[in-house]
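Residue numbers (the UniProt record's numbering): 1 to 430.
In short, the hints are calculated from the structure, not lab data.
Note that beta-carbon positions come from the ideal geometry of N, C-alpha and C, so glycine has one too.
Wrong hints could be hidden among the right ones.
Restraint-style ranges between C-beta atoms, simulated for each label pair [claimed, not checked]: (1) Pro51 x Arg151: 13 to 21 Å; (2) Gly201 x Gln254: 35 to 43 Å; (3) Pro48 x Lys91: 32 to 40 Å.
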Amino acid sequence: MSKKYLGLIILATISLGFYFLIPVLNESKSVEQEIANAPDSTSVSIEPVEPKMLYGLVVDSMVVIEDKIKRNQNISEILSAHNVSSEAIFKLASISRDVFDVRKIAANKKYTLICDQDSLKTAKALVYEHNPVEYVIFNLRDSISVEKKQREVQIVEKGISGVIESNLSITMSELGLSHQLTNDFVDVFAWQLDFFRLQKGDKFKVIYEDKLVNGESVGIGNIKAIYFEHFGNDYYAFHFDQGSGVDYFDEKGQSLRKALLKYPLEFTRISSRYSGNRYHPVQKRWKAHRGTDFAAPKGTPIRSVGDGIVVAAEYKKYNGNYVKIKHNSTYTTQYLHMSKIASGIKPGTRVRQNQTIGYVGSTGLATGNHLCYRFWKNGVQIDALEVDLPPSEPVKEDKMEAYVVQRDLLMDKLNQIEFKKKQQVLASTK
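Using the sequences and the accompanying hints, generate a full structural model.
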């Protein structure tokens with residue numbers, strides 16, 4: 001082969017090599033440029049992973065078991081089933097006495113076990129939810145301890161209106177309102193209105209505090225204001241504290257409270273009224289009925305209608321278990337047919353208004369569960385629902401200016417609520 005052809009071949013080979021080499025060099029430069037532009041590995045920040053928390057406890061890599069307390073179940077039975085020794089349980093029960101008595105654990109309350117991921121699921125903590133706000137942590141980790149905690153409670157002021165179709169309880173229930181709100185509502189106007197004789201078309205507005213935990217209602221706070229229209233008459237109630245505790249007053253500052261509560265039970269049904277001649281369902285004859293019968297489920301708490309001294313607390317053939325209370329030189333009340341008398345209630349005991357003194361039952365001469373409530377004025381039995389008691393103290397003169405300001409503010413809020421069935425209005429958040 002001549003030198004001329006050999007030179008051409010060598011030149012072609014070199015050119016072809018450059019053709020394939022240039023992209024590789026370019027790619028290499030691109031990679032180098034990316035590396036150069038990349039941030040220093042030492043400056044890269046790694047976000048820490050937040051541990052999973054429950055009731056303030058770290059539960060990563062733990063087994064969480066949720067359940068409800070069964071009837072007659074106790075803390076020993078729950079913990080022993082999860083590899084907790086009897087010695088540890090005894091110690092836990094001992095140190096918890098000043099925080100929460102484990103004997104008060106109640107059926108149907110929620111509890112949560114936090115356990116190791118071993119084959120025995122050994123419990124490291126037990127959380128008992130005493131109520132929607134309070135819970136108790138029984139810690140079994142490094143050292144045994146007991147702690148009571150509370151969830152954050154948000155108070156939201158709400159306003160709602162309703163029109164009576166049959167009775168107050170049904171109307172409020174249809175509006176999605178709680179039984180407790182109905183009871184508190186009745187207590188405010190107990191001496192101004194007969195809630196057992198309302199008429200269709202009566203209507204109301206109420207502003208109240210709703211207690212929320214994680215957005216869910218867990219109870220009712222204070223009623224702030226009420227408007228009630230009954231037989232065409234207007235009734236108002238305004239919440240005000242003049243230094244001796246919350247009370248309710250009308251638009252003129254007169255107290256709506258009386259020395260005694262009107263009803264010895266929370267709002268319920270009257271099954272038989274005071275009468276001079278009633279057919280007795282047990283004795284099968286007509287006779288005077290010197291009391292008012294309230295029908296209620298067995299075990300319903302019975303409350304003293306006022307402060308006083310217990311003069312009788314015993315069982316008798318016709319009265320069954322009963323309690324009699326002398327409130328002052330004028331008024332005495334009696335509560336019959338209890339399933340049982342409350343602990344500590346005995347002759348000579350001083351009781352406070354609204355204190356539980358016993359529980360509804362059917363002992364003595366009774367055909368069903370109810371309370372027979374009797375009332376004496378100056379030693380003479382009278383109709384408890386018809387007695388006219390003196391009111392409590394009105395708004396004091398030096399507090400009237402502050403009361404008027406609060407009354408007008410609440411009146412404006414009441415006026416903003418329209419009469420719409422089953423529609424709740426959010427007024428404000430505290």
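How the hints compare with the structure:
| no. | hint | verdict |
| --- | --- | --- |
| 1 | Pro51 x Arg151: 13 to 21 Å | 20 Å, holds |
| 2 | Gly201 x Gln254: 35 to 43 Å | 27 Å, violated |
| 3 | Pro48 x Lys91: 32 to 40 Å | 36 Å, holds |
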